[in-house]
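Undergrad: Reminder that position 55 of the sequence shown reads as 122 in this note's numbering, one-by-one numbering, no gaps.
Quick caveat, the hints were computed from the structure, so don't treat them as lab data.
All of these numbers come straight from a predicted model, not from anything done at the bench.
Every residue gets a Cβ at the ideal spot worked out from N, C-alpha and C, and that includes glycine.
It cannot be assumed that every hint is accurate.
[As the list claims (entries may be wrong)] Cβ pair distances, simulated, as ranges:
1) Trp115 to Trp83: 27 to 35 Å
2) Gly112 to Val181: 13 to 21 Å
3) Val116 to Ala174: 17 to 25 Å
4) Val181 to Ala95: 15 to 23 Å
5) Ala99 to Cys185: 40 to 48 Å
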Amino acid sequence: MTAARLARRPPGRAAWLAVVGGTAAWLAHISALAAIAPLACRRPGAEWVMHGLTLVLGAAAAAGLAWCLPLARGGGDDGDPGRRRSTAFLARVGALVAVTNVLLIAAEGAYVLVFDPCR
Numbered sequence: 068m069t070a071a072r073l074a075r076r077p078p079g080r081a082a083w084l085a086v087v088g089g090t091a092a093w094l095a096h097i098s099a100l101a102a103i104a105p106l107a108c109r110r111p112g113a114e115w116v117m118h119g120l121t122l123v124l125g126a127a128a129a130a131g132l133a134w135c136l137p138l139a140r141g142g143g144d145d146g147d148p149g150r151r152r153s154t155a156f157l158a159r160v161g162a163l164v165a166v167t168n169v170l171l172i173a174a175e176g177a178y179v180l181v182f183d184p185c186r
């Protein structure tokens, strides 16, 4: 997303969407992997579904990070300095949460690669 498009959106909402979106992606990932894991031994295609979920939901969490970074640097295009600082703070928290969620999704996806589902 370009900086011009981000400037047209309310910056606080964009930062909140990035915070909540990355966490929602992680929650969907861990729930889906837990639901599909019992099928992985009986159905070989289930592992590929787990890999696909890891890639798609990891990319969604990374998109939240990419969304927060421009806001964390500038705090939006609002004229009020207090609002810019609070938006920048929220965007920094959102970036930290997004990085954490990307790492959690990657760690959960590593289990699918490393461990045999039939043991």
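Undergrad: Does each hint fit the structure? Answer for all of them.
TA: Hints and how they fare:
1. Trp115 to Trp83: 27 to 35 Å: holds, 34 Å
2. Gly112 to Val181: 13 to 21 Å: Since Gly112 and Val181 have Cβ atoms about 19 Å apart, the given range 13 to 21 Å holds.
3. Val116 to Ala174: 17 to 25 Å: holds, 18 Å
4. Val181 to Ala95: 15 to 23 Å: Holds: the Cβ-Cβ distance is about 22 Å, inside 15 to 23 Å.
5. Ala99 to Cys185: 40 to 48 Å: violated, 20 Å
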